[in-house]
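J.: Chain by chain, the residues:
There are 2 protein chains.
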Amino acid sequence: MKKTALGNVRVTGGFWKEKQDLNRKVTIGAVYDRFYDTGRVTAFSFNWKAGEPNKPHIFWDSDIAKWMEGAAYLLGERWDEELSAKVEWLIDRIEEHQEPDGYFNIYYTVVEPGRRFTNRGYHELYCAGHLIEAAIAYYEATGRDRFLHLMEKYADLIYRVFLVEKSAAFRTPGHEELELALIRLFRLTGEKKWFELAKYFLEERGNPPEDNGYAQSHLPIRRQTEAVGHAVRAGYLYTAMAEYAAETGDEELMATCRALLRDITERKMYLSGGIGQSYMGEAFTIPYDLPDATAYNETCASISMILFADALAESDNDARYADLIEREMYNGMLPGLSLSGDAFFYENPLEIVLSDRTKHIHLPNNEQERLPITQRKKVFDCSCCPPNLNRMIAGIGRYFYAKDGETYFVNQFADSVFTEEDRKIEVKTDYPADGGVEIRCENIPRLAVRMPGWCRRVTASAAYKKEKGYLIFDRPGVISLRFSMPPRLVFADARVRSYHGKCALMRGPILYALEAIDNGENLQAIGIGSVKGAKICKDDRFDHPTIRLNGYRELPGKALYMSRPPKRKETELLFIPYADFANRGESDMTVWVRYEK
Amino acid sequence: MKKTALGNVRVTGGFWKEKQDLNRKVTIGAVYDRFYDTGRVTAFSFNWKAGEPNKPHIFWDSDIAKWMEGAAYLLGERWDEELSAKVEWLIDRIEEHQEPDGYFNIYYTVVEPGRRFTNRGYHELYCAGHLIEAAIAYYEATGRDRFLHLMEKYADLIYRVFLVEKSAAFRTPGHEELELALIRLFRLTGEKKWFELAKYFLEERGNPPEDNGYAQSHLPIRRQTEAVGHAVRAGYLYTAMAEYAAETGDEELMATCRALLRDITERKMYLSGGIGQSYMGEAFTIPYDLPDATAYNETCASISMILFADALAESDNDARYADLIEREMYNGMLPGLSLSGDAFFYENPLEIVLSDRTKHIHLPNNEQERLPITQRKKVFDCSCCPPNLNRMIAGIGRYFYAKDGETYFVNQFADSVFTEEDRKIEVKTDYPADGGVEIRCENIPRLAVRMPGWCRRVTASAAYKKEKGYLIFDRPGVISLRFSMPPRLVFADARVRSYHGKCALMRGPILYALEAIDNGENLQAIGIGSVKGAKICKDDRFDHPTIRLNGYRELPGKALYMSRPPKRKETELLFIPYADFANRGESDMTVWVRYEK
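These protein sequence lines map, in sequence, to chains A and B.
Numbering-wise (numbering that gives the first Met the number 0), the first sequence opens with residue 0 and increments by one.
Numbering-wise (numbering that gives the first Met the number 0), the second sequence opens with residue 0 and increments by one.
Hints are all accurate, no fakes.
No copy is singled out in the list; a pair is fine if it fits within one copy or between any two copies.
Restricting the straight-line Cα-Cα distance to at most 27 Å, the calculated cross-link-like pairs of lysine-lysine (DSS-like) are:
| hint | residue 1 | residue 2 |
| --- | --- | --- |
| 1 | K465 | K557 |
| 2 | K48 | K85 |
| 3 | K531 | K566 |
| 4 | K467 | K557 |
| 5 | K531 | K596 |
| 6 | K85 | K54 |
| 7 | K16 | K1 |
| 8 | K566 | K596 |
| 9 | K165 | K191 |
| 10 | K198 | K2 |
| 11 | K16 | K427 |
| 12 | K1 | K464 |
No lab work stands behind these hints: they were computed from the structure.
Let the sequences and hints guide you as you build the complete structure.
T.: If you want it as structure tokens, here you go:
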């Protein structure tokens, strides 16, 4: 199936409309303001001098580029003069400071001039990729092609340096992303050299290796069947591989991509969709190693999984890709954003124990064990995630619908309208708070509605057949569906050491968590035995309903070691949506809870 | 009760005789040879020159001193010309190189001359303490007083510098130990100035602080009620505090010492008796923080707990101190020694997961997470533990018997004979393999036999009454006792996060563990529900019987996350004595096992 153009989708209400409104009203401005404060915006004036504060960092161009891409989607949906002026100011600066041969990179112009294309690890091509994506988005949203042409000129230079002259000190991007941008540019313009360059960057990997796997150049891509290294880099590479395979119809490479997805989702992914088990390298570790408190789970890595799943769906009409996108949208990506819309997590652990952060009582705070932060921040030194959220939330509608010939797919459920000439699909729903979905179709020959992978029972107002996880309706009119979504317990494979004897609570696509602020300290003394009697409660403090459930709590005893297990007290537990953790101050938190029938 | 003199006890057979024979035949020589290889022995020739290898380290004097103390106990038990020659050679060198004013320290003479008593953190007084203890032990064992007089001269200098002139750059030892040596010297010689100096070092702490608690000078000792800082330092200090309080009859200070013991045993001690939860500072962390895989549990720290418990018993005839000594002897101290007698653990974790040591797959081995080593080593850069085992094993008999007036205590059960003039106690037993104990007494007015704290049922051939955990027999003759020791499960207080839903297996005083070499990988997928059907098996590969017990193992499933808990398979488990782990090559290991009825 092919993704539909963002312009064909309108998000009209419900959960995602609220997130998009928040993005427009708060997040996009908050990210810009913090980028301004930290010098990222003014860096585009290219007037930083040695010794001054706010020295441009190697990846600042990409921070701003992702923000521009997000702004572009907002402008495409609804014009905003002030936002447009900010984007145009940045494009003016890009035009002003682009070198005559097309080169554009702040760091290598004002900080380390004369050293361009010498350091594979310095994000130069990564920045180029995000700038190109921003230019494409701005052109698609506004029809303005100035930025696009500037970036085509830059792409031209990269083509010449890397593919024709081979004069750079390295052969492939040290942080993948440009490959995605080039395929997107090819798809927009039809210009084959962009695809050729993307192909070169992909096929050149591992021939011979340029790293040990940290940046995925340890093997040729066709022999990369296990996800390794820096998780965001990996996610972007695998996405590009899948798009490349889809474009060329390369079934063998596509099978490799699917093997990578299996390796991730069946051996290395947290229940939230988070990937990258360790901060050491922000990287994948080994299969079934899923420690919760130290989970890295970078917000950008979950975003990369959305891109990867979406790319794989291009050549396989299976609902499992949209299932994964759903998991990542709600549980992997959104914990990165505060409910207030102006603060961010870079790392998204599944457990917080506050006392672990100061337990080495004779050491100052900066010498304690390295653990994720416990409150969202306005900006990071490495602030890739906030603008990535800008662009993902603004462009989320692109994942709702897809098509393959005369079949139209409803992949995600949200109040929204899809239109394409005289064809129209309108979805009305309170999803994911409620499993009822109404779909009104006009002139749709064949409709494929995703039956969520977590759903065991659906009722539909019209006849359907099932195909690879989709409910297929021929010549549909108005269809009412109800996906049954009782709270359910989820268990992990016995090979995952951290989850033995534990379970997690989910409802529909939403993963839940316990916070100490509601349930008391020492969350690991809490256990549950079933979901019987679970109460689903509307709770305006959170994005989704909360769940009240009876469990037990083990009680302190009289000795450290005893001949009997601790006594238990029945207790009502309050589960909140995992993505909403840490929105009420610092608190212990856990997703996995002891299970005992 | 008062400890009995080591010379009054003879270990005649059984478990501890075997360990003592191993110490005599293997360990004492192995430690000496490695100390020779590494330059520790020849350092006593004081001819190291800048730029040469084997630069004397600040605590090498203490490594050798502890070895000399161990050698002294062996010589006291049975003369050995070769061993004696090694000790005498060292004493010759000490005599030769002691400075005219009595000062003796290799590091501050050959490496940093002119800097004596300037750096509290440099173990100078700690070395002095161990040398004094060695001199006392050698005098007691052999009657030879040369070494003792040399050390009295050194003690005299320390008295003058610290107490009279107060001319040192610090006021109290940065690593406690000298306090113990001074009290021991006072008890041997009756010379009050040694006690006065010990008292000064103790009372001076925290008045004002010389550290933040890492070396226990954050508060005056009377206000130290929580165990903090470096665990071995803490254990030695608390021991000295208890001995000081016992000497002076200071009930208030003794209560403080008991509060410290409670804080340790009821909030910060591993089930093995190990203390010092973290390698960061080799220190205590916070209450109920007992992570198994990263437990530091230095061998020396368990030894310090034996000393501390023994000191507390001086003024409280309660069996719980000997209970703690028993726990430490078998499970805390002995894991530090290989079954072959020539290799050592400094750290004694309660869990090993080998894959955690290489899971950051793009990092070289020296950049992985910091975790304890998995195989015992012959020598360490900081090799305090091996000679501490020499002296503790050689002198272990001193913890077997005690007396208070006309009451004689049997604190530990081992084939041994206690004699004091015409009074005699002879113990025959296969303890701890078996709970049967026969005690033959001659002219003993009153006998107090420890009823082990873990024991729920005892049978005795004579009438007794119970007092503070002791079975009291008046005018005993031959007494047969049987302490019932079925395998039992132990559980932890609900405040210990790492042990929720888990149990450990013990039998008598012995703690058990599972190794992957016997039970397969992924030990945390294993669970047990009771000790029913447990089989106690003689197994010559280990120090104590092994236990076979039926449990279950969770099986790998078809997906990473599932709607049902993993399937289980019944399986027979082999538990080995914890202290004997890692004697058959590298293996995963765990003490705590999932518990589900």
